[in-house]
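> Spelled out, the chains give:
There are 2 protein chains.
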Amino acid sequence: MSLVGLGVVVWLAKDVISRDPGNERMQEISSMVQEGARAFLKREYTWVSIFVVVIFILISIVGVVKPDLGLGWQTAVAFAFGAIMSAIAGYIGMSIATRANCRTAQAAATGHKEGGKEGGLKKALGVAVSGGAVMGMSVSGLALLGCVVVYYLTGKMVANPEDYVSRMIITNGYAMGASLMALFARSGGGIFTKGADMGADLVGKVEAGIPEDDPRNPAVIADNVGDNVGDVAGLGADLFESYVESVIASMAIAASIVLYATTTGAEAPLFLLSIPFGIAAVGMVGSILGVFYVKKFGSSNPQSALMMGTYVAGIVAIILTAVIVAVYGNSWTNTMGQTYTKWAPFWVNVIGVVSGMVVGFISEYYTSSKFKPVKKLAENSQSGPAITVTDGLAVGMDSTAIPVIVLALAILLSYWLAGFYGVALAALGMLATTGMVVSVDAYGPIADNAGGIAEMAELDPHVREITDNLDSVGNTTAAIGKGFAIGSAAFAALGLVSAFLVSAKIDEAHVSLINVNVIAGLLIGGMLPYFFSAKLFRAVSNAAYKMIEEVRRQFKEIPGLMEGKAKPDSARCVSISTQGAIQGMLLPGLIAILVPPVIGFTLGAPALAGLLIGTLISGLMLGIFAANSGGAMDNAKKYIEEGHFGGKGSATHKAAVVGDTVGDPLKDTVGPSINILIKLMAVISLVLAPLFT
Amino acid sequence: MSLVGLGVVVWLAKDVISRDPGNERMQEISSMVQEGARAFLKREYTWVSIFVVVIFILISIVGVVKPDLGLGWQTAVAFAFGAIMSAIAGYIGMSIATRANCRTAQAAATGHKEGGKEGGLKKALGVAVSGGAVMGMSVSGLALLGCVVVYYLTGKMVANPEDYVSRMIITNGYAMGASLMALFARSGGGIFTKGADMGADLVGKVEAGIPEDDPRNPAVIADNVGDNVGDVAGLGADLFESYVESVIASMAIAASIVLYATTTGAEAPLFLLSIPFGIAAVGMVGSILGVFYVKKFGSSNPQSALMMGTYVAGIVAIILTAVIVAVYGNSWTNTMGQTYTKWAPFWVNVIGVVSGMVVGFISEYYTSSKFKPVKKLAENSQSGPAITVTDGLAVGMDSTAIPVIVLALAILLSYWLAGFYGVALAALGMLATTGMVVSVDAYGPIADNAGGIAEMAELDPHVREITDNLDSVGNTTAAIGKGFAIGSAAFAALGLVSAFLVSAKIDEAHVSLINVNVIAGLLIGGMLPYFFSAKLFRAVSNAAYKMIEEVRRQFKEIPGLMEGKAKPDSARCVSISTQGAIQGMLLPGLIAILVPPVIGFTLGAPALAGLLIGTLISGLMLGIFAANSGGAMDNAKKYIEEGHFGGKGSATHKAAVVGDTVGDPLKDTVGPSINILIKLMAVISLVLAPLFT
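Line by line, the protein sequences are chains C and R.
With our numbering applied, the first sequence corresponds to residues 2 to 694, in that order.
With our numbering applied, the second sequence corresponds to residues 2 to 694, in that order.
Keep in mind the hints are simulated off the structure, nothing from the lab.
Incorrect hints may appear among the rest.
Stated by the list, open to error - Covered stretches of chain R, going by a simulated chain C footprint (3 or more residues, C-beta under 8 Å):
#: 1; segment: 57–64
#: 2; segment: 196–210
#: 3; segment: 387–396
#: 4; segment: 518–529
Using N, Cα and C, we set each Cβ at its ideal position, and we do this for glycine too.
The following block holds chain C by itself, in its conformation from the complex (with noise of 0.2 Å):
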């Protein structure tokens, strides 16, 4: 399946490759956004590869020195290859998203010429989803194609092929390689994308008084390829971990059934290792069903074709699951010894779709602004910016309550049903579908990079209307696909968290709450997730500050500029966001990556359980609250612009726009960065366990 998804991978490219890119000055722009993207793709990448190697060392030296706790050179060989296959996964999405660009203002240009509005629409859209549909169909592919990869050479690795806990040690490598790239990618990516948007608009905008997107602003470009470093590359890596760690995790612990049946001399229960393959493969079957859903119907409205399309991929997803347990399923008994029913796995996949819709949706009832929140939000505007950050933040605060209420229970229903392999299973009955769910989130940056190249090359106003009308119903869908994010990464890390403490074979009464050790690490993991905020926000607003100064230098300082008659050195933007992001992201991947070790070393294996749970509560908390109260503040500010409250220019649209810039970098920067590192350590930790046992 992961095979037929990368063949659709390379018909979408084939198709989105074939459409007319538009005159000179549109490819000259889409190329400037394609080179300052790879620019940066390579930049980062170079970092990666110095810390993939320093921890592939690292992992060796552990297989040579102790070389009983199957910890070596195979499990840093799939480390490896899991940051490469996402690596691979991000450059192949980015490479076609910034040629959708182009391509998709094109079409809503031709499109119109031939039918109007609709006729833009139509086509514009059809160029926008096969670009994201191939950041979405290669993330799942890739991911999947590894894992299989990987789990089917363990069996070659080990002594024993049926020591399936061995062949686990290796695999979980893979998850970490995955993360450890997903933790670049989200926030370098973020620290991006946000420095050279805030450096954009606050100049541009604020100062300059031009308009988003006006050529004349030597930022936007590097604005543009902040999307899709950001929203494309950086959202796709985020999801490539999460998907391959929900499969892990499932399996871990699975593992750790068979080998306890094994023991004990019962009927070991294989099918639980091949349930997570099998529930993967079929949401690769509904996302490329979704895919094709949204191509054929999308073109009358495409608001509810990308809803429908979710739903299709999903419904597809669930009925093909309840096949898979029908032939494979049957019950079992966990390590605990509490017996489970064949159709148990069933249930808890459809908890996890449902549990993450419910998250999905209640994200979009407070960032939207057909809600009461947003719009309440923008009437207190009124009372100027103070008014309007502080209850910017509360309403981000707010939304955390459902969510968390609805994970809890999920969890709850999905361990009664299935004990903690249920927990995983029902993170992965979530992320099954992550092909469709990552179309639909790349489409929007496309969207937004073709609207933008409309600006720049001064396409017909019609354009830029088709593509902000695509592009707003990509917020909507992109909101709820955050929630899912944010949702299954919270579901993913406490799969990997018990898959840790299984691993680590830590008896319940150690990671007790009357253990002061794991106290201590339940502090000290609620505190990380702010550090590392402060640490992403410190980077964005340096390299927010450094685009600005370059911006009023380039402004002042290049003749002709402000009149259109000279061009400004959109190069130098670009370099100064690469470098701002690079520097940025070092510091929190370091205390990400040393953090766990250090505190299982120091402390203990309880302690580290407690520092993994605490980041969990805490970092979800903050996640939530940041990315909701950012989308509720930019949401604002749109309302507003749409003429309530006075309009566009008026105190009110100020205010608010204050709101959206303290609200841009919580959205894009923290929010989703927080999920990577509530999973990385998790993830890190799994495959230490071995040393802390």
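Dock chain R against chain C, hints included.
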């Protein structure tokens, strides 16, 4: 010792009242503030008494229905008594504080005539410190007196006076009463003070362009009332609670150790029950000496006198604690069979004091304009309000790291030295000198109010200068005090949670991180501080919004107001703030009170333990973040007002004012209220523990 403390209160109160209250206008303003504060307290106490009566009845019913649990009218009476004692302390403190304000202004005026600035400072400081110390010594005197009385009477109430566990079930009620009062005092006071402050500033300073505390601004009296109800009465009730809880948590744990010793036939370590009272008593001695030190040496250098007074109090308390331990202490064995040395209580006391100070100093580092973070924040304000707020939030997030690591280490050390008894005792170590800490903290708002009166009564500008000077000295010590409050709250809450675990007789393995109910509890608990803060934020912005409307209305409708020919309707503004505060505090209060029993009854005691720890972890971070973000943005604004980066009136200053306004509810409403949420939920669980065994 508590009676000696109350004797000092009488002496200091007389000292304040005997001073010259100034001219007629000053007395008029002071009595308006007095009346407003009294009216608010009256309504607040009315609402609290409704809650008290309902809870009183419920606990009494439990006693009738399940008489064997030990819960009943006795606990209910102790509970009501705790709330009443805290209310009395708040009332006394505020009555004197609202009388000390005009007298401080007058002292500054007459002192300045006699001896210039030096003379003014000297005289004014004497009055302000006496006023603050009335609050400080009332809090510690009444809190300790109540504790002693309740504990003594429990000896008469239970069948067997040597059944200390049953006696503690009653005594715990006293802490819960103090906690309930604190919740409403902090959240109600916090909403009142920030609603009024934001309302006054946004219309007065920003829209109408009149200075702070201008008599034409109708909201100024409400603002001054707010300083008293929030920063004097609210703070007093907060530390009243922490103080009582640290005593009671250590005693509850001690009682279970004594019970365990009795059942195993070993000698009962009764001294563990005496030591907390001993430490509290010597803390009182330290506080009294500290206050007198400030009154004696404060004249020449107020800043160093306040700091030195705090040190004197701490050092005296530590030395006398050594004496207490030497006389009463002995080695003992806890319920888990671990044996601790005689001097352990002394060392954990030292750990508590030292870690409290470190946490305080870190707060100071991140929030004072003497250090890099605030200077940098002020510098970055040059890029506009959005960057100011973003950076301000980042400073707050950064500031969580060291305090949390220090707390984690302090918890580990105290636990290693003396088990959970040691953790509770470390909290008491921090809080033994509560009398001094509150004195220093309550002094600030008095100086602040005196400045307001000087402005409104149009006194000589020198007077305002002197009061500003006193106020800014107070800010430093207040920042340290806030750090203390947060650190001690975390410690006290952890002590309460351990007491709860012991009282609910929960097995180690049941509160393990492998128990999914514990995980669900942790998740929901982690969410509560956000939800709670959102409600408080909303309440503040609603109150501010109504205040803005009212001030705008008065400026428009009262002829001659802006020209200074007519008087504003200040009483109406006070009543708007009162109403906003009362309405706003009810929902958060209900959440804090209802969630623990709901979770305890539905998901069981282990989930409840998870809930408490989840709230502690997430709330501690959010609390430190909120307090320090707000503090940093406040002081960055002040730093700019001192003439840096353009000074008052510049664009940088305007950006900093937005930051300060966002920071205000963070630092004065949300931050301190979360402490109480954590503690109240823990103490409710402790009181209800017999229901969950």
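> Would you mind marking each hint as holding or not holding in the structure?
Taking the hints in turn, this is what the structure says about them:
Residue count for the segment 57–64 of chain R with a Cβ under 8 Å from a Cβ of chain C: 0. That is fewer than the three needed, and the coverage hint is violated. Against chain C, the segment 196–210 of chain R contributes 3 residues with a C-beta closer than 8 Å to a partner C-beta. That satisfies the three-residue criterion, and the hint holds. Counting residues of the segment 387–396 of chain R whose C-beta sits closer than 8 Å to any C-beta of chain C gives 8, which meets the bar of three, so the coverage hint holds. Counting residues of the segment 518–529 of chain R whose CB falls under 8 Å from any CB of chain C gives 10; the rule of at least 3 is met.
Consistency with the previously given hints fails for number 1 only.
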